[in-house]
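Undergrad: Residue strings, one per chain:
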Amino acid sequence: MITIMTLVRLEARDARTSLLAAACVTAAVLGAVHAFFPLDFAVANAAAYSVWILVALWTLYFAADSFATDCASGRMQTKSLLPVSALALWRAKITFLGLTIGGLSAWAFACEYVLQSVLGTPHSFEHFADVLGSLWTGLPFLGLVAAAGVLSSLIVESALVAMLLATIVGGALAGFGYLLSRGLHLAGVEWSSTHWLLLTATGAVLLMAFGAVAFAHGQRHLGLRSARARVVVATLGALVVTGGLGTATELYRRAVAGLQHPRTRFEAATASPDGRYIALEVESSVPYGVDAPRSVFVLDLETHENEIVAWPGMLIRDPLTGHPAPWDGYRTLRVARFTMRDWRALDEVVSVEATDGGLRVESTDSDTSGPSRLVPSWAEETSAGTGADGSHELRVRWPARGLERSFVGDVSATMLGRGIFLSAHAGRVLALQGGMLRLFDLEDERKDVLATNVTNVCPSPDGSAILVRCEGSTLALATADGSSLHEPWPNELLHVRWIESEGSSRTVLLSQYGRGGRDFVKDLDTGVQFELSIDRGHALLHRLGERGYVFVDREGDLVWVDPHGERIAVLVDR
Amino acid sequence: MSNDLDPVVSVKGLRVRFGRRTILDGLDLDVPRGSVMALVGRNGVGKSTLLRVLVGALLPQAGAARVLGLDPTREGPRVRARIGYVPDRIDVPSWMRGRDWLAFVARFYPTWSTTEQRRWLDVLALEDGTKVSAMSKGARTKLALVAALAHSPELLLLDEPFSGLDVGVRHAITTAVLTSLRDESRSVLLVSHSIPDVERLADRVAVLSEGRIERSGELEVVGRTERGGVDLESTLLALPATGGSR
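If you read the sequences in order, they're chains S and P. Per numbering that gives the first Met the number 0, the first sequence starts with residue 0, numbered consecutively. Per numbering that gives the first Met the number 0, the second sequence starts with residue 0, numbered consecutively.
Zero decoy hints are in this set.
Sample of chain S residues at the chain P side, in silico, Cβ under 7 Å:
hint : residue
1    : 72
2    : 73
3    : 80
4    : 81
5    : 82
6    : 83
7    : 84
Cross-link-like lysine-lysine pairs, in silico, DSBU-like; alpha carbons within 30 Å at most:
hint : chain 1 : residue 1 : chain 2 : residue 2
8    : P       : 136       : S       : 78
9    : S       : 78        : P       : 130
10   : P       : 11        : S       : 78
No wet-lab data here; the hints were simulated from the structure. Built from N, CA and C at the ideal position, the CB exists for glycine as well.
Please put together the full structure from these sequences, using the hints given.
TA: Next up, the structure:
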């Protein structure tokens with residue numbers, strides 16, 4: 000202990016200029032904060048952050064300087080020839096670093112205390128202490144900064160270069176942490192901030208331990224910097240490469256786990272016009288996954304075989320509804336592929352063609368744009384800019400008849416799919432205005448009120464019907480004439496939504512509220528209704544025309560049933 | 000445990016490589032207790048490397064070394080506590096005065112004696128109140144010698160400590176130190192390029208060449224010429240020109 004304290008005293012004496020400068024800069028910065036920030040709480044806030052940043056910077060500097068300068072000057076070699084162990088020299092350096100950081104932190108706090116006593120208010124000092132207290136939960140990060148600095152100073156013989164290197168190492172570790180968080184996310188593991196802090200603290204301790212090993216190794220090869228550097232570089236390299244590769248591999252494995260993986264969640268689908276092929280967009284099981292990569296599979300209902308066509312990738316969406324766009328041709332579909340680096344950046348659009356010999360996937364020059372199903376073939380629409388009073392204008396034209404009507408209102412009232420709905424029946428337009436749903440006929444200028452107290456409107460996939468949520472009940476109306484397709488469903492009992500499909504079928508899913516609520520499929524055209532054992536955790540429920548429906552049942556299997564709800568096959572057994 | 004008959008330094012089959020370059024290649028050497036042995040050889044043959052192994056600052060790839068009966072690769076601090084080592088260069092913080100450095104070093108040696116420190120300061124005529132940054136090279140060498148001797152080491156290792164000093168200072172230092180040590184029957188292993196110094200001070204010589212001890216023994220035997228005289232320089236000149244590269 001005496002030996003270590005003797006060495007620590009020498010360190011302190013050697014670094015006295017730096018220590019003095021750090022103390023002065025700290026006091027000056029805090030003084031400047033008080034001079035330039037006008038309000039008590041702003042001062043307290045800024046001072047707390049300044050203290051934190053200053054301490055982090057001093058940690059980086061003194062850690063980076065810990066061995067670099069001594070090794071460059073040969074002083075470390077001189078000390079090493081004293082009858083002390085390598086471990087004692089190491090402990091002296093780390094002890095000095097710890098004392099320095101602690102001392103400068105205490106100094107910063109004392110400076111702010113004095114400044115608050117003179118210039119602040121009791122509340123502002125309390126606020127300063129509160130903010131600083133919340134920031135100190137990041138203490139393990141200081142440990143990581145210190146460890147990165149110390150390791151860097153073992154490799155290079157310049158404090159400045161060591162600081163730069165430590166910053167790079169810190170970036171690499173942050174990148175590693177990011178990869179790890181994504182990997183964990185995909186594995187379904189959610190870590191709290193406490194877990195991350197513990198991991199950071201453990202990482203800092205481990206890096207310090209590796210540093211001690213590298214230093215001791217170097218002391219047995221005195222004068223050979225490469226001996227230390229090899230251990231440090233190998234350690235950091237092994238850590239980052241192994242951890243990074245392992246996590247990335249796990250991430251990839253999870254992401255392309257396949258449809259059978261129990262954690263795969265079915266998000267959306269679109270079927271070929273003949274209903275034989277269904278393209279499935281899936282996301283790898285992420286409990287709170289907002290940024291997990293998605294992939295696209297195409298499944299053959301006759302052979303039950305599936306093939307991945309894009310990872311990361313998504314089905315191309317209808318520009319207005321956000322639902323998957325239909326297939327372009329009889330058996331061709333465009334799919335968006337994203338870059339591996341960024342799961343949201345478009346890489347290319349591929350064309351997937353289902354042939355008798357299997358799927359043929361080819362790159363295309365096209366983009367993800369396409370027509371919206373909200374604009375039927377008879378209509379053209381033009382959206383005008385904002386007027387001086389903030390109003391919008393939507394013009395609907397019927398070119399075949401040379402007719403046009405203009406709708407003016409706020410943004411939502413004039414937006415297709417929100418306030419304006421074009422019927423599949425030519426010339427008919429529905430408009431939601433002030434909670435009132437009206438049906439317009441472009442030919443005779445007639446307008447009928449279909450419903451009042453309307454809160455939400457949703458058109459059917461084919462545009463021939465509309466679900467109207469009013470106060471108390473939900474109506475299903477034909478967009479051609481506003482006639483009712485079904486008795487109103489009471490809102491307090493049921494949630495009603497359209498079942499996606501590419502054909503002209505008009506079916507809804509009726510879901511009872513509550514955990515044990517049951518789900519029913521109702522075909523508004525045939526009147527067929529049956530109960531469906533559907534897993535509500537999956538968004539997928541798709542109608543395949545006369546072939547029936549596919550959905551994920553409560554056992555997690557992807558199931559195919561006929562139009563009457565009779566099970567045809569389990570497409571994916573999970 | 001070592002006894003008085005054991006050599007203070009015993010090296011067997013020592014091998015040191017730096018990358019692909021072999022510096023020491025199966026080196027064997029014994030330094031008898033109480034002797035002043037000079038290690039000579041051309042530049043780069045591994046003389047300083049050998050001393051670094053002996054103080055535990057370098058791990059050899061093969062072979063064994065014992066210093067005062069201890070293994071320096073495992074017991075480096077214990078070895079360094081019992082020997083005095085003057086490297087070719089020491090780096091002392093420039094703000095220190097001579098006495099500050101000695102006070103700092105003293106804390107690491109249980110056998111440090113202020114009386115011995117005073118004695119060696121007197122023998123070497125060194126003013127310890129001078130700042131190290133203001134000291135001449137000769138004064139720094141003297142300071143390093145005092146630091147190496149004040150704990151009464153059983154063995155003194157000197158690695159070219161007198162190079163760069165003018166003849167007068169070198170002569171005064173070497174005479175004062177080595178004569179005193181010889182009188183106290185302490186052992187010295189001296190690395191030097193100065194043949195006159197070696198011939199004047201050493202009683203034994205080991206000639207290092209190509210990573211091995213080419214010749215070793217009493218000065219008169221190793222440096223004997225065909226005419227019957229002693230000329231160590233001629234012996235060195237007859238060695239291969241390159242060092243230990245393989």
